[in-house]
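Asker: Starting from the known structure of chain S, arrange chains D and C on it as the hints suggest.
Protein chains in written order, with the working numbering: chain S, 7 to 355; chain D, 7 to 355; chain C, 7 to 355.
Accuracy of the hints is not assured; some may be wrong.
Copies of one chain are not kept apart here, so a pair can be met inside one copy or by any two copies together.
Claimed, not checked - Taking lysine-lysine pairs in the DSSO-like style, the calculated list, with each CA pair at most 30 Å apart, reads:
1. K236 to K251
2. K155 to K284
3. K155 to K127
4. K156 to K127
5. K304 to K121
6. K124 to K236
7. K284 to K236
8. K121 to K236
Derived from the structure by calculation, the hints contain no laboratory data.
Residues per chain, in single letters:
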Amino acid sequence: MSDKTRLGNFFEDFRVGQHLVHAPPRTVTHGDAALYTALFGSRFAVNSSDPFAQSLGLPRAPLDSMLVFHLVFGRTVADISLNAIANLGYAGGMFGVPVYPGDTLRSDSRVIGLKPNKDGKTGVVYVRSTGINQNGQTVLDYRRWVMVKKRDPEAAAPATLVPELPDAVPVAELHCPYTLAAGAFDTARAGSAFLWDDYAVGERIDHVDGMTIEEAEHMLATRLYQNTAKVHFNQHVEREGRFGKRIVYGGHVISLARALSFNGLANALNVAAIHGGKHVAPSFAGDTIYAWSEVIAKDALPGRGDIGALRLRTVATKDRACHDFPGHDATADPAVVLDLDYSVLMPRR
Amino acid sequence: MSDKTRLGNFFEDFRVGQHLVHAPPRTVTHGDAALYTALFGSRFAVNSSDPFAQSLGLPRAPLDSMLVFHLVFGRTVADISLNAIANLGYAGGMFGVPVYPGDTLRSDSRVIGLKPNKDGKTGVVYVRSTGINQNGQTVLDYRRWVMVKKRDPEAAAPATLVPELPDAVPVAELHCPYTLAAGAFDTARAGSAFLWDDYAVGERIDHVDGMTIEEAEHMLATRLYQNTAKVHFNQHVEREGRFGKRIVYGGHVISLARALSFNGLANALNVAAIHGGKHVAPSFAGDTIYAWSEVIAKDALPGRGDIGALRLRTVATKDRACHDFPGHDATADPAVVLDLDYSVLMPRR
Amino acid sequence: MSDKTRLGNFFEDFRVGQHLVHAPPRTVTHGDAALYTALFGSRFAVNSSDPFAQSLGLPRAPLDSMLVFHLVFGRTVADISLNAIANLGYAGGMFGVPVYPGDTLRSDSRVIGLKPNKDGKTGVVYVRSTGINQNGQTVLDYRRWVMVKKRDPEAAAPATLVPELPDAVPVAELHCPYTLAAGAFDTARAGSAFLWDDYAVGERIDHVDGMTIEEAEHMLATRLYQNTAKVHFNQHVEREGRFGKRIVYGGHVISLARALSFNGLANALNVAAIHGGKHVAPSFAGDTIYAWSEVIAKDALPGRGDIGALRLRTVATKDRACHDFPGHDATADPAVVLDLDYSVLMPRR
Chain S
7 MSDKTRLGNF
17 FEDFRVGQHL
27 VHAPPRTVTH
37 GDAALYTALF
47 GSRFAVNSSD
57 PFAQSLGLPR
67 APLDSMLVFH
77 LVFGRTVADI
87 SLNAIANLGY
97 AGGMFGVPVY
107 PGDTLRSDSR
117 VIGLKPNKDG
127 KTGVVYVRST
137 GINQNGQTVL
147 DYRRWVMVKK
157 RDPEAAAPAT
167 LVPELPDAVP
177 VAELHCPYTL
187 AAGAFDTARA
197 GSAFLWDDYA
207 VGERIDHVDG
217 MTIEEAEHML
227 ATRLYQNTAK
237 VHFNQHVERE
247 GRFGKRIVYG
257 GHVISLARAL
267 SFNGLANALN
277 VAAIHGGKHV
287 APSFAGDTIY
297 AWSEVIAKDA
307 LPGRGDIGAL
317 RLRTVATKDR
327 ACHDFPGHDA
337 TADPAVVLDL
347 DYSVLMPRR
Chain D
7 MSDKTRLGNF
17 FEDFRVGQHL
27 VHAPPRTVTH
37 GDAALYTALF
47 GSRFAVNSSD
57 PFAQSLGLPR
67 APLDSMLVFH
77 LVFGRTVADI
87 SLNAIANLGY
97 AGGMFGVPVY
107 PGDTLRSDSR
117 VIGLKPNKDG
127 KTGVVYVRST
137 GINQNGQTVL
147 DYRRWVMVKK
157 RDPEAAAPAT
167 LVPELPDAVP
177 VAELHCPYTL
187 AAGAFDTARA
197 GSAFLWDDYA
207 VGERIDHVDG
217 MTIEEAEHML
227 ATRLYQNTAK
237 VHFNQHVERE
247 GRFGKRIVYG
257 GHVISLARAL
267 SFNGLANALN
277 VAAIHGGKHV
287 APSFAGDTIY
297 AWSEVIAKDA
307 LPGRGDIGAL
317 RLRTVATKDR
327 ACHDFPGHDA
337 TADPAVVLDL
347 DYSVLMPRR
Chain C
7 MSDKTRLGNF
17 FEDFRVGQHL
27 VHAPPRTVTH
37 GDAALYTALF
47 GSRFAVNSSD
57 PFAQSLGLPR
67 APLDSMLVFH
77 LVFGRTVADI
87 SLNAIANLGY
97 AGGMFGVPVY
107 PGDTLRSDSR
117 VIGLKPNKDG
127 KTGVVYVRST
137 GINQNGQTVL
147 DYRRWVMVKK
157 RDPEAAAPAT
167 LVPELPDAVP
177 VAELHCPYTL
187 AAGAFDTARA
197 GSAFLWDDYA
207 VGERIDHVDG
217 MTIEEAEHML
227 ATRLYQNTAK
237 VHFNQHVERE
247 GRFGKRIVYG
257 GHVISLARAL
267 SFNGLANALN
277 VAAIHGGKHV
287 APSFAGDTIY
297 AWSEVIAKDA
307 LPGRGDIGAL
317 RLRTVATKDR
327 ACHDFPGHDA
337 TADPAVVLDL
347 DYSVLMPRR
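Chain S with its partners taken away, still in its complex shape:
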C-alpha cells in the first residue's frame, strides 16, 4: 500500500490541545448560493436580494447561515470524522461576520476533550472548530463531539477529559451585523408581517410543507461543501451496511428545516447561534421532511431596539406532517429526525 492515501484519524490519533488545519480553503461564490437555493428552495429575502440586504446595512446579500455552517463543517470531516460512527452533538455554535460571495473560508479545529469508551474500540472526540474568512474574522465557532473508532483496539487509551460545554451562547455574545433604520424593513417583500414583537414564548408553529429528498440532491449538496464522509456517497458499500442504503448528511435535514421554516418565520434574518442539536434518526433518499418550531425565549439584544433574538426549537420529522407538533411532549416520536436548539435574529417594531 502506498503511504499517500489518507484513511483519516482514528481515536488514538487525537490528543487534547491538538490543532488541526483543515483543507482546502474555499472561496465562496454566487454559484454556491444559487445551488443552495436550488437544493433547499430557501426564500429569506436578505439572502435573495442585494438591495434588500443593503436596506439592513449589509454591503450585499450574504450566504445563508447554514450554508456557511456546512462549508466550515465540511472541511473538518477528513480530519475529524472520517472514522466516526456517530455525530453526537453540537454546542456553543456562534456565527460571526456574515459571509459574502468572494470571501474565502478556512477551517481549523482544536481537540478540547477525549473520552475512551468502555468497549475499548471507540472513544468520543470533542473539538472546537472555527471558520475564518480572508480577513482573519471568525464566521463560525462551534463545538461538536463525535464517536470515533480506534484503529487498533489495543492502543493505549488517553486520559478522559470531558470539556465544559455551554448550554447556550449568551445573548450578549450574539453577533448582529444589521443596522436597521426605523421603518426601513419591508415586510411585504420579506414575505411576512410578523416581527420579533409578535412572537410569544411557548408559541408553536407548524411549517406545513414537506420536501422529499432525492439521492442526487443530498449528494450534490454534500459534495458542494466538500464533505467527504463515505456513508453519503457509496451505494456499493452501503447496500451491505446497516441500512442497506446511503445515509443523508444530517446537515441536509437542518437546511431543509430552515428553508421550510420560512413559512412562519420569514423574518428570521439569519441563524446567530446553534446552542445544541441532535440528529435523532438518520434520513434517506425518498424521505419527506416536515418541520415545526417552538419559541423557547425572546431575547432583547443589549443596546438594540431594532433587532431581537428568538431562541427556537425546531423539530424535523420524516413522512409525518407536523400539525400536532410531534415530539413536543416527553414521548419520543419515531418520525422525529432532528431536534435543533438555536437562535435567530429578527427585526423589531
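Answerer: Structure of chains D and C alone, referenced to chain S:
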C-alpha cells in the same frame, strides 16, 4: 395553531383591483444561469457567451427568457396559486428589457378578473403579473388565470368579471434589445445558417431530440425559482394523490421544449412574447419530452431591417417522437403535454 | 421535413483538412465551477481558493482542468460525434493557459484522418480539436478518433488516411502556469504533505473511496458542457437500446476518477496533458466508481526546480474496490471502465 403560518389565498380572498406584492425580491447571478444550462442544456449563443451578446449590442449575455419567466412567476405562487387546482392559461405575455446577472427582480400582480364556478367550491382568478428590475424597468408582463379553491364553500361569491384578454401581443409592442450591424451575426458560432428570411409560414420543424426528466431535476429547477407549489415536492402527500406521484412544474416542460428547439431554431435569440399556452397534460419524472414547432407568422418589426419576429406554435409531447407533428391537426394526441403560442426574435439577412 | 433540423455529420460528410467551427462560444463563470464541485466533490486547493491560487502565481482560482476539457469537448459533439457509435481514443491532449471565470471559450476542429471500415457502414474520423479563449490563447488541444455511421452505405468511401498520433505529449511542451516561491506551498491547506519528490515510479495508489452515479447527476453535468450526445438523455429511446438504459458520458467517469484521486494525489495541481485514454466499458446510473493510479514517470520540467510532472495511469472501476489495483497486470478485469494516461503538475520540495 399559530397565526404565523401562511396557507395562501383562497378564492374568496381575492378582489378585482387588488394589488399583490410578492416576496422575496431576487438578485439573479451567474449561478442561476449555470444551473439553468445544467438543467436544460440550452445552447443559444446569445445566452452562452458575453462576446456573442456584445456582437448584438448587449452589454453581456442575458439570462434565457424562460428563466426570467420562471423567476417572475415563481414569486407569484405563494400569493396566487398555492391553493390552485389548475393553471388555466396565459395571455399577453410581453418580455421587456433583458435581465443580466446582478439584476434584482421583483414581482407584483393585480387581480384583473374573478369568476366563481357553479360548483360553489372554486373560482377562476385572473391576474396580471409584472417583473420589474432594480431600475424600475419591466422585464416581463403577463396575464394568467388559475382555478383556485374556496376556503369556505359558503363564502359569498364575488361578481363575475372576466377581463378582456389579448389574443396576441401586437408586433409593434415587441421589445427588441438588439442592435445588429450588417454582417455582424456569426451564424457558424450560433449553430445555424438559417435566419428569419429562411423560414416559411406553415413550416413545421421536428426538434428531434428527447430529454428524460428526473425528480431531482424538476425539483432543483422549481426551487431555484423559489416556486413553492406543493405538488412538485412532497411525495409523502402526492403518493396518496390523484397521480400517485409528484407533478412536474409546467414551466419545466416549457424550458425543455425551448432548449430542444435549438435544433431547428438556433437563431431564435429570445422569446419576445407569450401569446397563449396550455399545459395540456401533466408530466412526471421518468417522462421523456420531445417537441416540434410550426411557424405561425413572420412579422417584420417596425423600422427594423436587422431583426424580425417569428410567431411559433411549439408542441411538446411525452414518450413520443415528433417526426409526424402530433397534435398538428384537429385530433387531440394523448402524448401532447404542452401547446405554446409565442414569438421569438431572429436576425434577418 | 423542414431543412432546419441538424442531424449531425455522417462519415461521408467529413473530408481530411476540413475545418469545423463549433457552436456556441461559452463564457464560463463561478456558477460552472460551483456546479462542478457539487457534481464531483473535487477538493484540489488551487481550484477551491483564490488566495491559494495566488500563492502559486495565478491571478485567481482557475477551473478544474477536466471541466475545461468537457466544455471544449462538449462543443464538438454536434458536429463530430452525434452519429458516433464509439469514442475510440484520445492522443496528444495538451492543456494551455488556465481558464478563469469570465473567460470565453470557443472550440474548433480539423479533420486529420479518415478510415472507412470494411463493413461499408461506418468509418473512423480523426479530429484535432482546440479550445481557444477570448484572447486567442489555446486552453486545450487534443486529438480524438470516433467511429461514425454512414448516412448512406452506398456513399463512396474516402481514401484511408490514418494520421500519426503522438504516444505522449513531450515533457518540454507541458504548459506550467505557476510561479512558486520557495516554501510558499502550504501543504497543510492543500491536504497532503506529499510532493513530487515523494512519489516513486511504479508506485500504485488506491484512492479508496467510491462514488455512486445518479441519472440526474450525469445529465446535469453533460448538459452543463452543452454536450448533446443523445444516448445520455433519452430513456424513451435507450430503454429499447443495447443496454436498456442511458449511458453515462465517459468524461463523467474521468471527472469522478480525478476527484477521487485527491486522496493520494492532493497536490496534483492540474492535468497538464492527456496522452491517451480508453473508455473500456460503459457506465450507468447506479454504478459506484472507484479508482487507483500508478506513477508511470517522474518528469522534471526544463528550467524549473519548483514544479515537476508526474505521468500517471489512472484506472477506474465500477462496483469494485481498488485495493488490489484491478487491471494492473495483463489480465483484463471486467470491472474496469476507464484507463487514462495523463500527466499532472506537482510542487517539488
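Asker: Which of the numbered hints above does this structure break?
Answerer: Structure breaks hint 5 only.
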